[in-house]
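Given the sequences, and given the hints that come with them, work out the whole structure.
Just so you know, the protein sequences line up as chains A and B, in that order. The opening residue of the first sequence carries number 1 in this note's numbering; numbering runs sequentially from there. The opening residue of the second sequence carries number 167 in this note's numbering; numbering runs sequentially from there.
If you're looking for bench data, these hints aren't it; they were derived computationally from the structure. Source: prediction; values computed, not measured. Just so you know, even glycine gets a beta-carbon here, dropped at the ideal spot from N, CA and C. Wrong hints could be hidden among the right ones.
Stated by the list, open to error - Ranges of calculated distance between the beta carbons of each label pair, as one might list FRET restraints:
no., chain 1, residue 1, chain 2, residue 2, range
1, B, I395, A, L3, 51 to 61 Å
2, A, L3, B, Y383, 44 to 54 Å
3, A, P94, B, Y383, 34 to 44 Å
What the hints assert, rightly or not - Computed footprint of chain B on chain A, listed as stretches where at least three residues anywhere in the stretch have a Cβ under 8 Å from a Cβ of chain B:
no., segment
4, 77-85
5, 147-160
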Amino acid sequence: MLLSLAIPLLAGVTLIQTVVLTRVSLWGARPELLLLVVLMWSVVRGVDEGVLWAFLGGLMMELFSGGPLGAITLALVVASFLSGRVLRVDLGSPVAGVMLSTLLAVSGYHLVLLLALAWTGYPVNWLDALFRVAWPSVLLNAILAPFVYRPMHWLERRTRRERFTL
Amino acid sequence: MRESPSRSWLPLVLSVLSLLLIVSSEAGLLSPFESVFHYLFDPLQRFLAGFVAGLGNMFSTVRDVRELRARVEELQRQVDALEAENIQLREIKAEVETLRAQLNFVDEFPVLAYLGADVVDRAACTTYPCGEVIGFEPNPYLRYVTINVGARQGVKVGMPVVSGGPRLVGRVAEVFQRTARVQLITDRESAVAAFLQNARTTGLVVGQPDGSLLIQYIPQDQPISVGDIVLTSGLGGTLPKGLIIGQVAEVLQMDYASSQAAILRPALDFSRLEQVLVITAYEQMPSEGELPAGPSGGGQ
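Written as structure tokens, this is what we have:
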């Protein structure tokens, strides 16, 4: 997808995430819209564009974060790679497959984020972080994934490039 | 039709670039780029925050009318009670000032005694920069907010930030031209020197992953009760004395430990934070001073 379309889209999603969605709390977790957009794009378009979106979106998100610059980007890239390449699960139903792969990819996202924070000297209480923050987030975002999958699937069809070889 | 081959090196390259970003950021090499980006991007964030707030206000107006009527009645009752208490407190304040003058207390221990009154309402904005929260931390393990006042308004790193009167929000962690990033007291890396108002004993308040607060290193022989108010002690000079942190919600006492701790309920709902005030100047407590005793005590 053209960068001229991807960058404004990712910027808009980042703003919505930092201004609106970070105030939302459902069962102790919040919707991670940028993460879901990146994961679903990796699923529908492939891991190459998915990790590129993850890198660009991560950079935008970093500049609104007080944490070590690069941590969110690294976590998004890893999660996008897992979602697009390693964890594509075919359960007969695309919705169930999307939910399961999102569940595993979001777990990877939180694990990488915690490792990056610990590596840069941030005090991490692993039990608290995994059970009070990561686990609720994994469940919530796995449930929300199908709602993001459909519009991303539509966008992918609208922007698909046909390539021919002789 | 054949699909283009996947570039298997791309995820690895981007991951390495991300790691390099972390290392460069920790070394402080990326600060100029962050400043430029914030200069360009912050107006957009402020606009969106204002738009969202306006939209929210529009939809909530009709629903809130009945709730507001009941709230007004309740507040009127509270105002009546507070007015009576205020009269008594003015008398006590006059007595304290007289005693301080007699003991030469102000010259020996400069204390921002009137901070609480100064930050009660918007009138304080003529003295200190007032701002609005325009963004929240995207990292789920950190607790920061972005406010729409920055270096142009005289904000500097380390300055205390309060809201809703003298209720402590946190400290300024990063400053840009028009915005600043505030580390909330609920962040795991935040540590605030505090004291329990009733027991007059000191402790250290740290943030917890779920957004609550923990006060620790309280001596075992000091009584702590649920409902005790916890204030900043001013010790160390990084925060003014007397800012409200929260209230004891649960006491954690272990017989084998050398000190006790307590879980606090923060004085503010940080998810609904909107208006803040940055304290740009205050008198510092002496680094080795003791907390003054209660009204029945006296200084030397």
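Hint check:
For I395 of chain B and L3 of chain A, the hinted distance range of 51 to 61 Å is satisfied, since their beta carbons lie about 54 Å from each other. Between L3 of chain A and Y383 of chain B the C-beta distance comes to about 53 Å, which sits within the given range of 44 to 54 Å. Under the hint 34 to 44 Å, the C-beta atoms of P94 of chain A and Y383 of chain B, about 54 Å apart, miss the expected range. Interface restraint, the segment 77-85 of chain A with chain B: holds (5 residues with C-beta to C-beta distance below 8 Å; minimum three).
Closer than 8 Å: that is the beta-carbon criterion, and the segment 147-160 of chain A has 0 residues meeting it against chain B, so the requirement of 3 is violated.
In summary, the numbered hints that this structure violates are 3, 5.
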